[in-house]
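*Asks:* Turn these sequences into a full structure, and let the hints steer you where they fit.
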Amino acid sequence: MASNTANKPQKDRRKSNNAISDTEAQALVQHAQSAKKTYGRGAPVRTKSVKDRKLRANLKSLEAKYKNATLQAKNAEILLDNTAGLLEPENALEKTYKVRQDEIRRDVGIETAKKGFELRLNELGPYDVCEYTRNGRDLLIGGRKGHVAVIDWRDGKLGCELQLGETVRDAKWLHNNQSFAVAQKKCVYIYARDGVEIHQLKKHPEATHLEFLPYHFLLASVSTAGMLRYTDTSTGQMIAEQPTRLGPPTALCQNPHNAVLHIGHQRGIVTLWSPNTSTPLVKVLTNQGPIRALSVDRAGRYMVSTGQDRRMAIWDIRMFKELHQHHLRQPGSTISISDRNLTAVGWGTQVSIFNSDIFTCSPDDVVKVPPPYMAWGGEGQTISRVRFCPFEDALGISHNQGFSSIIVPGSGEPNPDALEPGTNPFETSKQRRETEIHAILEKLQPDMISLDPNFIGNLDVASEEQRKREKDLDAKPEDKIANLKKKGRGRNSALRRHLRKSGQKNVIDEEKVRVREAMRSMDKREIERVSKLKKDYGPALERFARKGL
Amino acid sequence: MPTRISRSSVPNAQARTKKTSKPKKTQERALNAFAIAEQEHPDRPKIRQHRLGESDLTSRRKRTRDINEDEGGSDDKPTEKRRRQKPYNEDDMSIDEGSDSEGHQWTMGHVDDDDDESIDSDEAFGESDKERFEGMVFQGNSSKHQGGKKGATKRRSLDDEDENIRGDIDLDEGESADEEEDGDTLGEDAIDLATALDQYEESKEERLKDSKKKQKLEDSDSELSEEEGLAAEGADDIDSDEDDEEADKDKMKQLNRLISCLPGDAEVLSTGTRKVDVHESATPSEFGVFRKVNLLALNPKFTDPERRKSLKLLQDDSKPTKRNDIARKLDVPLPKRQQDKLDRAAAKTKANETLGRWVDTVKQNRRAEHLTFPLQHPHAGKSMGESRLLPMTTTAPTNDLESAIQSILQQSGLSNGKDDDEQFQKWEVLGTNKLPLEEVAKRRAQLRRERDLMFREEVRAKRIKKIKSKSYRRVHRKERERMIQREKDALRADGVDVSEDEREYNDRRRAEERIGAKHRQSKWAKGVKKSGRAVWDEEARAGVTEMARRNEELRRRMEGKEVRNEDEGGSDFSSEEDEDEDVNSEEDGNEVLQRQLGHLEKNPFSNDNSKLGNMAFMKKADAAMKARNDEDIERMRRELAGEETPSETENENATRVGRRNFGPSDKIAAPAVLLNRSEFEERPGSNEDDEDYSGHSEQSTNDNPNRFKSSQRSSSGKKEAAANNPYLIKPSKEKQSDKDSQSVLWKAHDTIEALQEKPKASKTKSKPKTSLDNEILEPIISAPDSDGWQTVTYDHDDEGEGEDNVKNGGIDLGDVILRNQALTAKAFADDDVEPEFVAEKKATMEDESSKTITNTLPGWGAWTGEGLSTIARKRKGRHTVKTINGIDPSKRKDAKLDRVIINEKRVKRNTKFLATSLPFPFETKGQYERSLRLPKGREWATKQTFQDATKPRVIIKQGIIQPMSKPMV
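From first to last, the protein sequence lines are chains D and U.
The first sequence: position 391 = 391 (the working numbering), numbered continuously.
The second sequence: position 179 = 1179 (the working numbering), numbered continuously.
To be clear, the hints were calculated from the coordinates, so they are not data collected in a lab.
Treat the hints with care, since some could be wrong.
Claimed, not checked - Only part of the chain D face toward chain U is listed, based on derived beta-carbon distances under 10 Å:
| id | residue |
| --- | --- |
| 1 | 63 |
| 2 | 277 |
| 3 | 281 |
| 4 | 310 |
| 5 | 456 |
Unchecked claim - Covered by chain D, per the in silico footprint, the following chain U stretches (three or more residues, Cβ under 8 Å):
| id | region |
| --- | --- |
| 6 | 1817-1828 |
| 7 | 1834-1843 |
| 8 | 1898-1907 |
| 9 | 1913-1920 |
| 10 | 1933-1946 |
All C-beta atoms, glycine included, are put in the ideal place defined by N, C-alpha and C.
*Replies:* In structure tokens:
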């Protein structure tokens, strides 16, 4: 009896332990699945069908590593100390778009409230430009009449203020807050942070829109004539100059995922460009009238375009399918998509901010357009540009009466990546310098721009025929020796080394003869040079005339 | 003729004596057929395989030799010779079927190689053999020619030892003695050869033994004849056989031969005998020794205890001879080359075996992703706390040693297996994780309450304990005893008997109490004082101090001061309450508490009837205690009450909160809706109306760009209709009343929403309360008119409104929107964007599809001039037809995307970043590209992943790296 009673609870315990382990296992599986969903990189290969044992083992370990990596990435989420959130209505009667800025400012902390401000600049005309640096610290605003200002907007410190006295069509920050490019009436200029003009890019005449690709250090501009030009800002070289052949452009934006430029045209067409092709990668007809504004989200999944036909079209640019489109009351003049996929559209005097729901609702949904998340404006200020501030819950709006910064809860990415060059909001000047060097060293080549940014290293599946066709048959065979001649002289010169390394000494062929010839002439020149130097130095100093200097 | 048995060849216990019939010389020939037949017998000698070589071969050879032997052929090969030497290795008695001495049951077929004896070793040793074995010495000859000392001595020693039993054996084998002889000699020959020549590796002891024997022999050599005589006598004693005479003769012969074998003195004699008898095998020799003779079988025949003893000794001695046996019977060694080859092969297998042990380790190390030198044995655990700090209070054993100790402790009962408890605790903790929050909170509260109660009980018990009144105690004790008695009675009545040991235990306790009573005037106290034990005895001192303390306490109590006693003991009082609690465990905690409070209020301590209680100090103390107790009780009451009330209020609050929250309950939600509704004047029309306009609204919000034009046309048509509609003007009046000054924006959004959500609204109309969202939105849109047009009320806002509003003045927004749409559509009606785009796409598709190019080069590939045939003239030039493979229009990426043109041309500048061919180990493109999928950089992975990915394969730590001493797997 006693033993029975003693055993009973034990059994129970065991059972409950099993139950716990079951639930734990389930939780683990769920965890792994969610990790795979967020951090997984595609479907695994089938290792079982691989016949080679070694390869199979290698692939298995590879898959295990990938899985482990995703799990670890998921686990590292614990380090993300900030969470994103949105305004949420307490009941169905409340509408978030009815929340006004003063209400928000009243309810948030003082420091956050400071992020909403307004710059009244009535005289200097419509402000067409407002841009934030990639870490969201600095603000660049530009008026159409030539007023350009750089502001550390949180501290309210003015970096520089320029009165250019020339039409400013666009302005863009370059890789950090130390320089910016301004598209002026005739050409593009690059200014330092303190307002000093550094470069004049004469090869970018009459640029209407500017875009900067931070990982490739490419400044792109589209001119009124519809020419798309790329300039490498680290070397100053012109990389590509391509005619769009679709007339003056109406909008330009970049896809941050693959550095492809999207240009909006008069005919409602959006073209996608890389510096590697003379024809657009993709042409999409998004709107009926001229495109007014374009924007692509951070992950490169969705493109939003507004046109003169007052439609706002939302496209999935992975499949190039339109998700849906709907009307705005007035043509949307500017769009910005935040890091958390909030979409701000400026139309007329108003700004509507949509939730990320607009990217997820399908065309079959009953509700075609979800109501906006927030709204602003309607006070007679014609909106010319909206830009979300990275890593902040702020939206910058430039309009004809200056600049307004409004608070949009949940718009900014709460967890900045300090390892990413240029995106550390708290970076010191030293860090900035370091990251600049690193970024330049790790600069991507313009040839690497493609619709699929993961193509590097993939297998070339072109047929042999096609490759042959592509091969340049007229190209001259490269002259090895001529190259060697350029390399250097002296005891360990490239020529001498080549002679030394190129096999048997007693075999004399044409190449060797040429090399020897080249060496002899080089030596001769050297001797001449020395004798000339001796003469120059005079008898007292002639001993300092040496070879190889 | 009796055979002598060498000591070394005395078979072990299991081995039966090997009785082989000894064919005589004359019989031999006759029995040849038999012998041949016998050859076929699968009885093979037990010899190392490598020595034998191929068994088939040898058997065949043997047969040939048999034939040769008949012809007296002397061209035997050495191999045959070797073969001949083998037979005496046969000790497989199971086949030989030797039975006990009386039975004489022997399988005749096993006169192994009996035919062998027909050939003299000399004969067998042919010319060629002589050449071949020049360097070698054979025992049979050596005794004669060279007088190989060792072999000889050995033989002698064997003989010597076996003298004693010889007679007996003779008797046993009396019938077949003659036949045996031949085989014996030959066999002897062979074995001796083996032993003498190849110096077979005997164990050292054996050698030692041999040498000892040698010495012994020399001593006893002179007495040989005597011994023989003795042996003969013994034999006579034991058995009186008719063959005795014969046997004796045989014995004599044997002796002679033995002597002849002896070096020196017996040389002449031996040569003589040799010459006389061609087949020396005919005479028994020491080779007989090698046949298996079961000493045990002999045992019963010896009556003399001494002999028995010696026999036993012999037997014991012969125990290890199995090996010896084999050794002796081994062959002539192979030629060195062959032997070396065999040795090498053996060595190789051995080496392979030892190397094989490393295979797994090597494989593992080769396959290992990372190797760290010096290599760590996988099972060699790290020292504790090396990699991370361990908790100080680990209960689980961490390594083998600890677990071993733990298990020993548990087995010996020194350690309580507390892991069970731990597990239970863990389970409890985890279990609470699964419970809902309220449940946990409730449990907590319950626990807290219980703890509180227990604490109070304790306090009270303490107080009671302090009561010094004897009468009080007495009364209570009696009461308690009565209670116990009653209980017991009850139990007895129920049929449960109070056990004897319980009673005993109670008695004992009482006695201990009495013993423990230390009082000043007690005997103990006096004794302590007197003996001064308190000075040195710890216990006594403690007792004294305790006494003093009590004294002091009492004094203080007399003065009416509070006494604080930290001492705790078994409470006498609480038992009753405990029982109560047990009974009422199911009841609510509060009830119990209340009842206890009641108990307390009654104050069981106040016993006025006692004398002590009447004393002044007692009264004072009582009063103080009572006051305190009362206070406590009051407080507890209050607390109990207070606990209830707050919870109630809490509940109320909760419900209130609930009411405030927007819930599904209809009556609560209704006012809010009403309130909101008041902003808008007009409620929409009846449900039926709504339903029938829903279709129209859908039409009006046609967003499909493909149908753009059609929609525009239809809407424009409707617009005209709307302009004539008197309903459209009506809502303009309502605007004045709506002075809520809502932002235009909201309205705009609402309208958009309403337009979008119309179908949903109509669906949910039947149950309007459920979807409030629609409720709100609805009022904006007016009831549809007869044409199916709905109007949407819109607030007039001059500030925010654009040109539309200014233009429209009093016309409502829905119309404005629609008209705007129509206007824009009209504006862009002329530019045929879409058809153009389609045309462009078609052009590109054609351009990029496969093409056929026909090239003609006039003048080339054809003759010209006069005199050409018409055919030749027709063939003016060579056509080169070239097809350029393009992209099939149906296989284009944009084949199904009507408003997209995707460039299918290869981007040449991208190709330099592509792999031109599939790298080696991969079999498919998918595998290869998968291997590149995860970037290694620290930007894309966690630190750990990065470090794992970039860790070098071989890490060598500083210092001396020893080679692996043993396999690790």
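*Asks:* Does each hint fit the structure? Answer for all of them.
*Replies:* Going down the list of hints, with the structure as the test:
no. : hint      : verdict
1   : 63        : holds (8 Å)
2   : 277       : holds (6 Å)
3   : 281       : holds (5 Å)
4   : 310       : holds (6 Å)
5   : 456       : holds (5 Å)
6   : 1817-1828 : holds (count 7)
7   : 1834-1843 : holds (count 4)
8   : 1898-1907 : holds (count 8)
9   : 1913-1920 : holds (count 6)
10  : 1933-1946 : holds (count 8)
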